[in-house]
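There are 2 protein chains.
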Amino acid sequence: MIGYPNKKATYTVENEVSYSRRGMSLEDDINDTNKYYLEADIAAVHKKPTPITIVNVDYKSRSTAKITEAYFQVPSTTDYNGVYRGQYLDFEAKETHSKTAFRLAIIHPHQLQHLARVIKYGGIAFLIVRFVAHDETYFVMAKDLLDEIDRTTAKSIKYSWFKENCTLIPYNYVIKIDYLKVIDRLLDGGK
Amino acid sequence: MIGYPNKKATYTVENEVSYSRRGMSLEDDINDTNKYYLEADIAAVHKKPTPITIVNVDYKSRSTAKITEAYFQVPSTTDYNGVYRGQYLDFEAKETHSKTAFRLAIIHPHQLQHLARVIKYGGIAFLIVRFVAHDETYFVMAKDLLDEIDRTTAKSIKYSWFKENCTLIPYNYVIKIDYLKVIDRLLDGGK
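Protein chains in written order, with my numbering: chain A, 18 to 208; chain B, 18 to 208.
Hints were generated in silico from the structure; no laboratory data involved. Be aware that a few hints might be false.
For chains that are exact copies, the list does not tell them apart, and a pair is met inside one copy or across any two.
The list that follows gives simulated cross-link-like pairs (lysine-lysine, PhoX-like), each with its CA atoms no further than 20 Å apart [claimed, not checked]: (1) K175 - K111; (2) K137 - K77; (3) K52 - K137; (4) K52 - K65; (5) K116 - K172.
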């Protein structure tokens, strides 16, 4: 877990609200879910560390090198990948506060290209998209989203498209975002 | 590519030696190889970013947040993973300067546990081990190494074990460390 100073303060507040569904970010929910999958010994899916460029490291103390200058990089792949039932899984998670549409600008073109590659090489590529205002989290097949992006000239995809074409992932207190259930359905036939 | 200040200086020297096989680190060779696979449009394998804990970020300039305090974390997974021919690939790369043995201490227990998990969930788990003194790079099935670790009480695995049980990856100027050739052999039958 990366502790951005801004975020840290928010975490504390969230912990006080304790177990409120709305208080948790999508990232927190997915990390919790992946931890559950790992502990239940069914899948190994991890969030990749944030890519940064390190410019300066202070090696004064031999045991604890301190990075004193570094910058965030634009990610060239998605945030999550792993293995489940012999399948390569790869996905990006995004949340939007809009009630009506999902702005495409929040996904980097690199990431879309990466998802297209994963499909081509035989992996399962998807997105987990949360509409915070509707309190809904969708499992979106990357292929469906890429096709829709090809079809449209708009800079966003309407909420109704997600409602009609994607799978709603019900919220669960034990397995927060049980996306492997959707993968199971895909693998066991039928969409 | 992460530019540690120490490493940077070394790169410059290495570039002057130009194309010397010995001048390149195993990590550089693997990154080059993965770049080749990506550009040749056959596999998407990436090195994970170095996991760090960010303690302080300077947001003075809105566009370029500067990380001013961060620390290296112990990795909980391996360095590389990706997808090829519908398979999940996961591996760790290590080089040793010893002529006679590979010290097990240079692999974190977390990483061995992770490789065991990958095998269990149906991925292809391996290591790429370079004996710098012999100028040899081996493809090591994680299962073979884990079995050998179970069998021995020694803190290292002899060079002869690699010679007898692992696959030598020939060095190639175009595809530096063509490990997918070994994967092809695995997938197409035979070891």
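Going down the list of hints, with the structure as the test:
Within a single copy, K175 and K111 get their C-alpha atoms as close as 15 Å, which meets the 20 Å cut-off; across copies the closest is 48 Å, which misses it. For the homomeric pair K137 and K77, neither the shortest alpha-carbon distance inside one copy (47 Å) nor that between copies (42 Å) is at most 20 Å. For the identical chains of this complex, K52 and K137 are inter-copy neighbours only, at 17 Å across copies versus 28 Å inside a copy, given an alpha-carbon limit of 20 Å. Taking CA atoms no more than 20 Å apart as the test, K52 paired with K65 passes in both settings, with 14 Å inside one copy and 19 Å between copies.
For a Cα distance limit of 20 Å, the shortest separation of K116 from K172 inside one copy, 15 Å, qualifies, whereas the shortest one across copies, 58 Å, does not.
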